[in-house]
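Model the placement of chain S on the given structure of chain Y, informed by the hints.
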Amino acid sequence: MVYVPQELDHHFASQITDEVDRELKKGNVRQLVFDFSGTTFMDSSGIGMLMGRYRLLHYSGGRVSAIHVNDRVNRIMRLSGIYKYIEISQEAVWHQKRR
Amino acid sequence: MENTNEMTLEMDSRSCNEGLARITVAAFATQLNPTLEEVADIKTAVSEAITNCIVHAYEKETEKIRIDCTICGRELTVAVTDHGRGIENVEKAMEPMFTTKPEQDRSGMGFAFMEAFMDMLEVESEPGKGTVVRMKKKIGTGSQVFE
Numbered sequence: 738m739v740y741v742p743q744e745l746d747h748h749f750a751s752q753i754t755d756e757v758d759r760e761l762k763k764g765n766v767r768q769l770v771f772d773f774s775g776t777t778f779m780d781s782s783g784i785g786m787l788m789g790r791y792r793l794l795h796y797s798g799g800r801v802s803a804i805h806v807n808d809r810v811n812r813i814m815r816l817s818g819i820y821k822y823i824e825i826s827q828e829a830v831w832h833q834k835r836r
Numbered sequence: 103m104e105n106t107n108e109m110t111l112e113m114d115s116r117s118c119n120e121g122l123a124r125i126t127v128a129a130f131a132t133q134l135n136p137t138l139e140e141v142a143d144i145k146t147a148v149s150e151a152i153t154n155c156i157v158h159a160y161e162k163e164t165e166k167i168r169i170d171c172t173i174c175g176r177e178l179t180v181a182v183t184d185h186g187r188g189i190e191n192v193e194k195a196m197e198p199m200f201t202t203k204p205e206q207d208r209s210g211m212g213f214a215f216m217e218a219f220m221d222m223l224e225v226e227s228e229p230g231k232g233t234v235v236r237m238k239k240k241i242g243t244g245s246q247v248f249e
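Line by line, the protein sequences give chains Y and S. Residue numbers for the first sequence, in the working numbering: 738 to 836. Residue numbers for the second sequence, in the working numbering: 103 to 249.
None of these hints come from the bench; they were simulated from the model. All values reported here derive from a predicted model rather than from experimental measurement. A hint or two may mislead.
Below, a list of computed lysine-lysine pairs in the DSSO-like style, where the Cα atoms sit at most 30 Å apart [said to hold, decoys possible]: (1) Y/Lys821 / S/Lys194; (2) S/Lys203 / Y/Lys762; (3) S/Lys194 / Y/Lys763; (4) S/Lys162 / Y/Lys763; (5) Y/Lys762 / S/Lys194; (6) S/Lys231 / Y/Lys821.
DEER-style ranges, computed between Cβ atoms [unchecked claim]: (7) Y/Gln827 / S/Arg168: 37 to 45 Å; (8) Y/Met738 / S/Cys118: 22 to 30 Å; (9) S/Arg176 / Y/His832: 43 to 51 Å; (10) S/Glu161 / Y/Glu760: 23 to 31 Å; (11) Y/His832 / S/Lys166: 42 to 50 Å; (12) S/Arg176 / Y/Asp808: 21 to 29 Å; (13) S/Thr202 / Y/Asp758: 40 to 48 Å; (14) S/His185 / Y/His832: 28 to 36 Å; (15) S/Asp221 / Y/Asn811: 18 to 26 Å; (16) Y/Trp831 / S/Lys231: 48 to 56 Å; (17) Y/Lys763 / S/Glu177: 51 to 59 Å.
The beta carbon of each residue, even a glycine, is placed where N, CA and C say it ideally should be.
Isolated chain S (complex conformation):
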C-alpha cells in the first residue's frame, strides 16, 4: 500500500505562531525519517512562507493562515494559503533581494530560500484575493519510511 498521509493546520497570522508552524510541519515530516539537514530545510522554507503571510499578505491585520501538508510516498507537499492582499507580480516577487519593504529590514530572500531548500516551489496569487505557496521535497531517500 502506498504511504500517504495528510495534515492541516490553521492559525492566526501572529509572529509568535511562526515557530509553531515550522515545528508542526517538521514533526509531520519525521514519519519519512528525514536527515537533520532535511528537517532544517523544511523548517526554513515553512518559516519563509509564513513570514510572507504575516508581513506582506495581512500586514497589520490578524487573519487566518492555512497550512496543508501531504505525504505521498517519499514526497512531502506543503501548501501555505492566505486570503490577504495577493502579489501583483509573482515573477518579480520571486527575484532574490527584491522586497517591497526594505524599510522594515526585509532581505528579499524569502522565495529564494524556499527555492533553495525545497525541490519545487509554485506560487499562485491574485491581488486582493490571496496567495497559495506550494512546495515539494523528496525526503529521506536513503532511509526507511516509518508507517
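Pulled out of the complex, with its shape left as it was, chain Y reads as follows:
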C-alpha cells in the first residue's frame, strides 16, 4: 500500500518512484495499491508514475490499483485512459497469491 501525498506532481512522483522501486527490487511484491484519500491534485507526472509501476509489475503477473480517488483525480485518470490498465475502486481488493 502506498499513501499518495496531497499533491502528486513531477516533484513528488519521482520521490515515490524511487521509494516504490526500491521495494519492488527486493521482489515478492505482487500487488501495489495507491491510496489517494489524501490527494487533491494530480497531473500527467502522476499518470506516468502509475503506468511505469504497472509496466514493472505486469511482467511478473502483478497488479496495480488506485483507491479513494476524488473526482478531480478520477477525471485525470479517465482522460489519460490509464483506467484500462489500473483498477480504480473505493476500497482495496486484495488478490490472493496464486499457487
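The following block gives chain S in isolation, referenced to the frame of chain Y:
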C-alpha cells in the same frame, strides 16, 4: 473601465517550485471569481507547462523559468517562457502519448492536458533558444468579477 491586471513570476527550474508556480497562478486568477473546477484546470495546465521546462527544456541544469499572467476582462492568459533546448517538432510534441523520455516514466500527456483544461494553447519554440507556451482561459463566466 476594463478589468486588466498583470503578474510575472520568475523562478529556478527546480521541481520543488512546481507547486509554487501553480498556486501563484491560481491565486492570481481568484480575482475572476473562478469555480473550484476552473481553479483545478488552471493548476493542472500550469503544472504541465512548468514540468516540461524542468524535465525537457533544462533537463539537469537549473535555469530560470518565467511565468507572465494577464487578466483582460474575463480572460486569463498564462505564458510560460524558458531559454532551454527548444522543441524540434512542435506538432509531434503535442501529439497525445508522444514523449522523448519514456524511460523516465513521462506519460506524453502534458500538452494534451493543457489543451483539455484551457481554451487555447499556443507553442512557439526554436531549437537551442527556448520555448514559449501561451494558454488562455475564460473564467467565471457565470459570476461577478472582484475588482
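To see whether the hints hold, each was checked on the structure:
1. About 24 Å separates the Cα atoms of Y/Lys821 and S/Lys194, which keeps this hinted pair within 30 Å; it holds.
2. A C-alpha spacing of about 22 Å is found between S/Lys203 and Y/Lys762, which places the hinted pair at or below 30 Å, so the restraint holds.
3. For a cut-off of 30 Å, the pair hint linking S/Lys194 to Y/Lys763 is broken: about 38 Å separates their Cα positions.
4. Taken as a hint, the S/Lys162 and Y/Lys763 pair is honoured in the structure, with Cα atoms around 29 Å apart against an allowance of 30 Å.
5. Taken as a hint, the Y/Lys762 and S/Lys194 pair is broken in the structure, with Cα atoms around 35 Å apart against an allowance of 30 Å.
6. Of the pairs offered as hints, the one joining S/Lys231 and Y/Lys821 is violated, with about 39 Å between alpha carbons and a cut-off of 30 Å exceeded.
7. For Y/Gln827 and S/Arg168, the hinted distance range of 37 to 45 Å is satisfied, since their beta carbons lie about 42 Å from each other.
8. About 26 Å separates the C-beta atoms of Y/Met738 and S/Cys118, a value consistent with the hinted range of 22 to 30 Å.
9. About 50 Å separates the C-beta atoms of S/Arg176 and Y/His832, a value consistent with the hinted range of 43 to 51 Å.
10. Taking 23 to 31 Å as the suggested C-beta distance range, the pair S/Glu161 and Y/Glu760 conforms, at roughly 28 Å.
11. Between Y/His832 and S/Lys166 the CB atoms are about 48 Å apart, so this pair conforms to the stated range of 42 to 50 Å.
12. The hint said 21 to 29 Å for the Cβ distance between S/Arg176 and Y/Asp808, and at roughly 25 Å that hint holds.
13. A hinted range of 40 to 48 Å for the beta carbons of S/Thr202 and Y/Asp758 is inconsistent with their spacing of about 21 Å.
14. Distance hint for S/His185 and Y/His832: a CB-CB separation of about 49 Å, inconsistent with the stated range 28 to 36 Å.
15. With their beta carbons about 23 Å apart, S/Asp221 and Y/Asn811 fall inside the hinted range of 18 to 26 Å.
16. Distance hint check for Y/Trp831 and S/Lys231: the Cβ-Cβ separation is about 53 Å, which falls inside the suggested range of 48 to 56 Å.
17. At about 52 Å, the beta-carbon gap between Y/Lys763 and S/Glu177 stays in the expected band of 51 to 59 Å.
Violation of the numbered hints given earlier is confined to hints 3, 5, 6, 13, 14; the remaining hints are satisfied by the structure.
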